[in-house]
Each structure stands twice: as structure tokens, then as C-alpha cells.
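Q: Below, each chain spelled out in residue letters.
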Amino acid sequence: MTRDQVEQAVLTAIESLNETMPTEQQIGRTGDASLLDLDSLAITNLIITVEDAVQEQLDVTLVLTDERTLDLLADKDRSPLRNVATLVEHVLGALKPGAE
Amino acid sequence: MSDTVLMVSDFSPNTMLAQLERRGFVVSAGAFGAVEPTLATGGADWLLVWTTPERVCPSFGRLLRYEDVDQTFLDAEVDEFAARVHAAPRDKGVLVASWTIPAVRRGLGLIELDAARGASGALMRMNLRLAEKLAEKPGAYLLDAQRWMALAGGKAWQPKLWFLNKTPYDVKVFQSAADDVSAAIRGLTGQARKLLVLDLDNTLWSGIVGEEGWENLRIGGHDPIGEAMADFQRRVRSLTRRGVILAIASKNDEAVALEAIRKHPEMVLTLDDFAAWRINWADKAANIVSLVEELGLGLQSVAFIDDQQRERERVREALPEVLVPDWPDDKLVYGRALEALDCFDAPALTDEDRARGGMYVAERHRQEHRTAVASHDDWLAGLGTTVRVESLSPGNLPRIAQLLNKTNQLNLATRRMTEAEIKRWASEKGNTVLAFRVSDRFGDAGLCGIIGVSIMREEAELTDFLLSCRVMGRCVEETMLATAVDVANRQGARVLRAHYQPTPKNRPCLEFFQNASGFYPDGTCFFWEDGVYAVPDCVTVVHPEQ
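Here the protein sequences line up with chains A and B, keeping their order. Take 0 as the starting number for the first sequence in numbering that gives the first Met the number 0 and just add one per residue. Take 0 as the starting number for the second sequence in numbering that gives the first Met the number 0 and just add one per residue.
Just chain A, same shape as in the assembly (with noise of 0.2 Å):
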């Protein structure tokens, strides 16, 4: 799969957690939005948000809730939440065959 795709992918799930959330704590959508004020419930309906997104439009299975990274998540300059594209880099690491 793509870049673009997977970007679409976690654009999506930003949409639709999106609705959930009041206007000033939604979450932008270009590259560079920044994801470090999201609160601990923000953040992990995010990640299962990203999870289901990928899962129907790319067909594949992503665990965003294994111990790396939730362990990353807990450091704030390597969180793969510090911005929407960092969040891309992570979802396209994860992908790769063989990652863990």
C-alpha cells in the first residue's frame, strides 16, 4: 500500500472521531496538526479509530495498542502522536511486513 493510502486511512479516522468531539478539540487535518493536547481518552479512541479505518479501506490488520507503542506514547518526544503526520509514520512503520 501507499503513503496517500494510508494517510487517507488516518485522515478518516480523524473525520470521524472528529464528530464525536467539540469543535475546539477537534483535530486538524494537514500533516503538521498537532496531536499533543489530546486527552488520554482523545488519544485511544484515536488509535482504535486508525486501527478500524485501515482495517476496511486498506483490508489489512493494525494494532496500535502493543506494548511499543504504547510505551512510546508515554515519552513526548518520541510519541508517534506529537502531529498527524508523525502518526502516518508510524501507522506506515507498523505496516511494514516484519515489523513488530
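All clues stand as given, with none of them false.
For lysine-lysine, the following DSS-like pairs were computed, each having C-alpha atoms within a straight-line distance of at most 27 Å:
1. LYS154(B) / LYS95(A)
2. LYS165(B) / LYS75(A)
3. LYS159(B) / LYS95(A)
4. LYS75(A) / LYS159(B)
Treat the hints as calculated values from the structure; they're not laboratory data.
Please build the complex by placing chain B on the supplied structure of chain A, with the hints as guidance.
A: Coordinates of chain B only, in the frame set by chain A:
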């Protein structure tokens, strides 16, 4: 001011609270997992109680682990939970989500629905028992959480979210739940829609009657579209048994459209299903205004269905109080779209509700008779009006509460009380509540009027005087005053005082007391001191309890 909702749950409430906030509520929640303490403290307009069954019924948890459980333990735990719900302090009501377990759980398989052994069977029984226990006292209502799960499909249960943030369900479950909570609160606060206005062409039938003739309209028959239209008409008609009134707003030649309704052999709805119609070439928004004026309703009571998007947008723009749902293009799903509407939800279904549509049709016949009669007095005499006077009883309390809380125009004091508050007031020394059922040769209007009289030695106060606008101007008002005066006289009071308390909507009541009541005015108070107040000649009064 927005209503406050306090959520009581054994899971993270945040997603649900966010959904309720989006729907305009001010929300809060108890401490995580503190179900019983939060119920005991209460303290909002509404409580929303949503727990897993095993949290509040520990024996159910044992059943989930395939242990043997005596049903009496489950019953006792359900009863105790219901008692806590009833005792929880709140201003307006408690909404309780029915209990669910994950659909993916197979349990005992073939014998899972055996209530004595399987958790699913036991849960069905527990939910039914909970519904019965909650219904024993006013103010607590059970919502169908299983429906929310079903609407969310296979993703309803979210074990991953549970372990991540203690949210057990997908956001779609919470969206459906919040929709139902909003609909419930609208219904409980008298905001349910009462009038459904429908278009005709390509809404109630497939085709355009003015171009194709009634014979070529597709209704019923061996035709998927026709079958779908007949099915839709049946569902529309079934709404009348929930107290919804039907009307038509159609751009057509009236004679042509009425001929179609009368003559098409597969037509399910008849003219007697409709309280009124405006079938002409005028603007539909103007026609809807004319309809609500004729029927004595407000625009906030109306829902409007039309297949044409431009008509829907026109009415939405001109009449923002009217609910105009989006409508599918596909006629095969009209029935589903109608079933999905939550705007008619109401907390009770009384005999009056079921008969309401018929009452409006009877009123239409009554007015047709009026145009055929020479004078107003002759018309009144010809109606043969009978008024039955009833004391407050468990049988009429729900309808009395409904009338007390939604009548605006002919309402002297506009007191709003819950059933419990009415019952308490009526039980106090010197207080009387009487209800009035009105019928005539055209039909039965049901319980339409209420008086409250409070006696203190030689003085009587008319604390409540209200009458449904559908029977205004037929001498029922005077009959109610005669009864109030009679109550006062029998208990030794020499004067009956009616204190008019103005609201934006009850000027008709002031005008009645000023112009027609015979009471003498002193500011906003009206007095009767002249002994017997005569019942009008055109009314027969019946006291079935005497």
C-alpha cells in the same frame, strides 16, 4: 436554561458526557465506580444510570462465571437496585439503561436462554423485572440499551477501549444512547411532536395525481414500490394510536387529491385519519401555519414530511420550530425512516392519546355542522354536550398531570406539578381536584378540563382552572365554574376567588374571566359571591360518583 444530567456508571462516562454536551445538556458524573454513593447523593435535573448488570447484581456475576445461582437472589438484587433508583434525589427524573452483555459471548450456547442456567436468559428476566419495578412509581424510566448495541453492530463492544480507558462501548453506542436520552427528556418535558403534516405526491403515494390520475398511482398491489407505499401508510396510521395527529399539506387541486384518497382501492389512509388538510397551490409554510391555527396547536408540535428537498428547505427556513427530518429518495426505505424518528416519544400512552386523532376528526365534523346551522346558540344546543365530573383517581392521574403540565392558553394559574405533587396537594385538608370529561354527538373529547379548589373557612380559592383548547367556547368553561362554585358552597365558603396569573400564552383565560364568566373583577382577581352558578342549558352534567 439547559437541563443538568448526572451520570451514574461503573465505566468511564466521558464519551457519553461529551455526546450529551453536544446535545445541549450540562453534564457531570459521580466518582468512577461509585454507583451507590452517587445514587444516594443525586442532585441534578436528571440522573442517567448506566451500569453493567454484574456491578449492581453480584449474583449475575456468578452466573457469568457459570456458577449455580438461585433466581430469588437475582430478583432481590434487582428489587434493591430499583429501590435505590426510586430513592435517588433528582429534580425531574431518572433514566436507567437496561442491562446488556456482549453479543459475542455465547455462554452456554443451546441452553443460554434458559433463565435458570444461562446468563442471557436470566438477563432478559432481570430487565423485565427492572422495568416492572421502575414503573411502580413515577419518575423513573428504563431505556433500551440493547437497541443501542444493535445499531452499532459488531463493533458495539470494545474490549480494547475498556482496557485502555475503561470505556466499554464504541462511540456509536453512545451516540444512539444520547439520542434516546434527548428524546426521552423531550417527551418527559412535553416537547414531543403531536402533529405530523404529510405531503401527498411521492410521499404518501408514488406518482403525481394531477398528471397521472388516481387510477395510476402506485399504492399496494404486486409492486415493490406500491407495497412500500402501502406499508408506509400503515406505519403513518399506526402513529395515531400513539396520539399523533395527521394532516396534509399538498400542492394539488383539492378535489383531485381528495378523490384519490376516497377512491384508490389500495389507499390505507382515509380522510377520517386526517384532522385537517390544506391542498392548494399556496406556500406550504403558510399552509402549515394555517393548519396549526385551525387545530389549536403550536409550531413546536409539528413534524413535516415531504419528498421534495426544496419544500423541506423552504419550511425549515420559514418555520424553524417545525421539525423537518431529512427524507430518503428511495421509497423502499420510507417505512424505516419513519420508524427511526424519535420526535414522538412520550412518557405515557393514555386512552386520550389513543383517541386524540379521532377527536380532531370529530372536531372537523363539528365545524362542518356549524356552517350548516343558523346561530351560535343553535349550534351549541345541537351539539348535545355532556360533561362528566370525576374526582382525582389513580386511573385519571396520568392524564390530569399531562393536561396540567401542557395546557397554556385557557389556564388560570399555570401551576405545573408532577403526579406525586398533585396527589399530595389533593390529599391536604380543604383541597379538591376535579376533572371534566367532555363528549357530544360527534364524539368523545376525553378528559379535557381540571379545577383545583382550596377552602379556608368561608373563603375558597380556585387554584387551578384549565381547559384543553379543543373544547373551548362550548360552555364547558362555565360548567367548570359552576362545579367549582358548588364545591365551595357545599363546604361553607361564601366567596370563590380566581386569581389570574399572566403568562405569555394564557391571555384567552383572562379574556374569558373578563367577558364571559360572570365573575366580578378586582385587578387580576375575579370573585363569585352570589350563591349558585348556573350550568349552561346546552350542557348536561353527569356526576358518576354521586
